[in-house]
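Protein chains in written order, with the working numbering: chain A, 196 to 449; chain B, 326 to 654.
Hints in this document: simulated from the structure, not taken from any laboratory. One should not assume that every hint holds.
Residues of chain A clear of chain B, computed beta-carbon distances all greater than 12 Å [said to hold, decoys possible]:
#1 Glu-201
#2 Ala-255
#3 Phe-257
#4 Asp-327
#5 Leu-395
#6 Val-437
For each label pair, taking beta carbons as the anchor points, the in silico distance ranges come out as [what the hints assert, rightly or not]:
#7 Leu-498/B / Glu-393/A: 40 to 50 Å
#8 Arg-328/B / Gln-281/A: 38 to 48 Å
#9 Gly-531/B / Asn-316/A: 14 to 24 Å
#10 Arg-389/A / Arg-328/B: 37 to 47 Å
#11 Leu-425/B / Thr-312/A: 23 to 33 Å
#12 Thr-312/A / Gly-531/B: 13 to 23 Å
#13 Gly-392/A / Arg-328/B: 35 to 45 Å
#14 Thr-312/A / Leu-336/B: 15 to 25 Å
#15 Arg-323/A / Leu-498/B: 23 to 33 Å
#16 Ser-419/A / Gly-531/B: 30 to 40 Å
Covered by chain B, according to a simulated footprint, are these stretches of chain A (three or more residues, beta-carbon under 8 Å) [said to hold, decoys possible]:
#17 272–280
#18 296–307
#19 311–321
C-beta: ideal position from N, C-alpha, C; glycine also.
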Amino acid sequence: MTPLLEIKNACRYFGGLHAVEDFSGHVKRGERVGLIGPNGAGKTTLFNLITCFTPLSSGAVFFDDTDISSLKAYRVARLGIARTFQNLRVMPNLSVFDNVSIGALGALGHSPLAALTKRTNYANDIGRRTWDALEQTGLQDHASELAANLSYGKRKYLEIARALALSPRLLILDEPAAGLNDTETAQLAEFVLRLSGEGLSILLVEHDMNFVMSLCERVMVMASGRKIADGSPQEVSNDPVVLEAYLGSEEEAA
Amino acid sequence: MRRLISISILLLAVLLVLPGILSAVGGGYWFRVTTTIGVFSILTMSANLITGTTGLMSLGHAGFYGIGAYTTALLATKLHWPFFLTLPVAGVVTAVFGILLALPTMRLIGIYFAVATLGLGEIIHVTLLNWVDFTRGPMGISAIPGISLDGLFSASDITHYYAVAIIALLAALVLGRLTHSYYGNALRAVREDDQCAASMGLNVVGLKIQSFAFACFFAGVAGGLWAHTTGYISPGDFRFSESILILAMMVVGGLGSIPGAVLGAVILLGLPEVLRPIGDYRMIVVGAVMFFSILFLPRGLLGETSVLSVVRRQFGLAWDKTLNLGWRQ
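Same shape as in the complex, but just chain B:
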């Protein structure tokens, strides 16, 4: 019953109260900020499945986000596909890319996995930047149609808000079921001690690939939403710094927590907007929030495991002599 009440409050707030307030304060700009927060909430929730729950530090999430965005943009501008096809296709294409790119890295552990995914993210970014014939390179893709359905709704701030909000809620539902279930326990076991998990009959490599595939699917959908709602994308949107931003949102919100991921996105994207009156000093405040949150809230606001312990484990694996250096057989 309590669960039912809290879910209805959440739905009411996201679907009625928030758009109401945004329209009342004059829409436009604040709608854009909110949809950006929504897109990054999906990204952070999905990255959280890999990093927070399965314990693999992924630094290439922006790359997968980019694959989703470019898939959507190309399908929508060249083939004129509607959003209800582009978004799922973008998710599936990204998941397939995620699996193919991740396969060779799955035996890597700890910091080595992080560096490999950093490399993957960079490869994707550089490809988007230089494959001019296909992606238009640094010029980016413009005039991507918004989210509209003939006779029902046309592309507008409020439509985009609802599209992002509903997909974010769906992502939270799916990722929530994956993490708060026995399946989630299996993923957490991989995070806590992968060798021990294997000796208890868990297919560790399989679990890692699955969590990567689910996370990439939602990163791709988030990319698609970004393309549709902004109308213009360029490789600059999918740089390494975006991966770090996603990681920072996860750390501030708390590893392994879905509400935490949303909270992290709200804080790290909302704060710079609220602080706009103080000009460029606001980025110092944002940096300070990250710095102090890791010092005084090592578990983040809502995390289930301490960031420092995850990092320590990641680095610790690098010089544990009893293990194969950097990878598992």
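Chain A on its own, in the form it takes in the complex:
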């Protein structure tokens, strides 16, 4: 069986800057994959390429055997790739419920005619999906609060809930544990593990190594836009190339 997500020789140049260069990799169905690398390695750019936020300079991305490289971002989302953002992008003036309903709207479509004719089936479907996502993330008691009033940790879950309302097959998390304390990080790891248990494939960027190493089945390492390692957490953490990228070469250190 082909992998769910396959990236083939992806390149992205910003002028002379090679943000992502000849990156190939994949995520299998149901797999939890971590993407790590020093700051500026091109991890977020790679996420933007996968979700078609930024067009590829060359190369291709396949999702479920479909070439998505030239699609619009919203089409990619509807195919089943949902993401969260590194710098939280909740919609502060909307309630928690309304925020999450955006994901459901993306999945079920948004026609003005449905609003004008008050189609109840459609509204019920969106409502149900939204509640499901809120319950999954434990936000149901905050549904009517403004998103701006949520704590930082809760907002992280709000972003995930919004992504889950899309019913994605691949969930992309950009630094989900950033800014959380140890207890919250452990809870988040448990939560991501539960989602994975329900069959969701997960690709995440994270700087918290304990989080990545305990959660992910496979880790890809990026440095200067290239993939330098790909393997189980143990393999990767003992790889001299990876250590060099993170810590500098031994000669320099000495």
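Mind docking chain B on chain A? Use the hints.
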């Protein structure tokens, strides 16, 4: 139940109490003021869909209002169409113009979109002014028939009042359903963060065009009402200053709020009339109301989002280096 009561009170007030009071105080002049407020309520409610809900600062609304007015005036004077045909046709023609003119601007963001729509409004105004063969240019179009239906009612202040009131109520109903629904959430998501909305599967460009089309439809109908109820239109009625007036009504009433839009129209058109005894000083009072409302009521009277935050976002996008300058791919 509470909803039902408040709707019946609203209908009673608009359809019985208000015309009753206006007739009692001697009609005429006050009927004209009220129908003008009605027309501007429709304009402000519709502009609110673009600016308040979808978050695109449109400065060309008066232009679309003008297209509707001229469509109606020409159809009514040259082809002698009755109002029940001219008004919907004016709405559709304006919506089509709105979509065609807006298509090239849809990728623009923030202040760049505002400047582009300002340009569109000016193009429409200048066209109306200079295409003398078709629009009679600065002479305007006069003797536009009023709203009447043979055997049922004839054109009068009270007929015009009811025509404007009923269409304003319909506009409020339609725009209300669009904004207070999941569809409205999709539009608000575009306002709050269009890139994030796209990554959640929302067709952002499609939503922008749809909201523009609905808003232009009602601006066109409002223009048609203006033509029918005043009997005379000229390009001067559809200048940039009218777009700013609409924007000011929206700001005072509150972005994104339909009752707020009506309230804004009532305040900014009613105040100058009530203050007529103090002469030209009244415009200073009107200016002061706008100034202090943005200082002390940044959300307007009934708004759901702060005007300053919308403006800040509009301008902020202009010098956010991580985005493409001024437009989205």
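We went through each hint and held it up to the structure:
no. : hint                              : verdict
1   : Glu-201                           : holds (20 Å)
2   : Ala-255                           : holds (18 Å)
3   : Phe-257                           : holds (19 Å)
4   : Asp-327                           : holds (15 Å)
5   : Leu-395                           : holds (16 Å)
6   : Val-437                           : holds (29 Å)
7   : Leu-498/B / Glu-393/A: 40 to 50 Å : holds (42 Å)
8   : Arg-328/B / Gln-281/A: 38 to 48 Å : holds (43 Å)
9   : Gly-531/B / Asn-316/A: 14 to 24 Å : holds (22 Å)
10  : Arg-389/A / Arg-328/B: 37 to 47 Å : holds (41 Å)
11  : Leu-425/B / Thr-312/A: 23 to 33 Å : holds (27 Å)
12  : Thr-312/A / Gly-531/B: 13 to 23 Å : holds (19 Å)
13  : Gly-392/A / Arg-328/B: 35 to 45 Å : holds (44 Å)
14  : Thr-312/A / Leu-336/B: 15 to 25 Å : holds (22 Å)
15  : Arg-323/A / Leu-498/B: 23 to 33 Å : holds (27 Å)
16  : Ser-419/A / Gly-531/B: 30 to 40 Å : holds (38 Å)
17  : 272–280                           : holds (count 5)
18  : 296–307                           : holds (count 10)
19  : 311–321                           : holds (count 5)
Hint check: no violations occur; every hint is consistent with the structure.
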